[in-house]
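Convert by adding 2 to the 1-based position in the sequence shown; the result is the number in my numbering.
By construction, these hints were calculated from the structure, which means they are not laboratory data.
In this text, a Cβ means the ideal position worked out from N, Cα and C, and glycines have one as well.
Heads up, a few of these hints could be off.
[Claimed, not checked] Heads up, simulated EDC-like pairs for lysine to aspartate or glutamate below, C-alpha to C-alpha not over 16 Å straight-line:
| id | residue 1 | residue 2 |
| --- | --- | --- |
| 1 | K42 | E52 |
| 2 | K47 | D29 |
| 3 | K21 | D76 |
| 4 | K46 | D29 |
| 5 | K46 | D76 |
| 6 | K47 | D76 |
[Stated by the list, open to error] Listed next, with one range per pair, are the computed distances between beta-carbon atoms:
| id | residue 1 | residue 2 | range |
| --- | --- | --- | --- |
| 7 | M3 | R64 | 23 to 31 Å |
| 8 | W12 | R57 | 15 to 23 Å |
| 9 | R40 | G78 | 26 to 34 Å |
| 10 | G66 | P18 | 28 to 36 Å |
| 11 | T34 | E61 | 31 to 39 Å |
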Amino acid sequence: MSIAAMNWAWAQALPPSSKLILMSLADAADETGLCWLRIKVVAKKCCVSERTVQRVIKEFERDGVLIVQRHYRDNGAQTSNGYQMQIGSTPD
């Protein structure tokens with residue numbers, strides 16, 4: 003857990019479900035603000051649907067709150083994504 007990521011996430015003015023999802027990501031982040039959590043895990047921790055988590059992450063990416071690092075296997079299948087929080091930024 004990164005204290006810097008947690009403090010940054012708490013400071014964001016977001017709707018409740020979005021803030022909870024960001025807090026879940028921040029709770030798993032390293033000191034650089036990078037975390038590797040499955041959508042399913044975030045959804046379960048936040049008591050929301052997987053689709054809600056996907057939508058909120060897409061909004062975070064659009065607004066510059068985080069950068070999604072997509073990873074693929076050699077056969078082209080997608081595997082775990084990394085989520086790099088843009089600590090120091092604020093959503094538009």
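Each hint tested on the structure:
no.	hint	verdict
1	K42 - E52	holds (6 Å)
2	K47 - D29	holds (11 Å)
3	K21 - D76	violated (35 Å)
4	K46 - D29	holds (14 Å)
5	K46 - D76	violated (29 Å)
6	K47 - D76	violated (31 Å)
7	M3 - R64: 23 to 31 Å	holds (26 Å)
8	W12 - R57: 15 to 23 Å	holds (22 Å)
9	R40 - G78: 26 to 34 Å	violated (19 Å)
10	G66 - P18: 28 to 36 Å	violated (21 Å)
11	T34 - E61: 31 to 39 Å	violated (22 Å)
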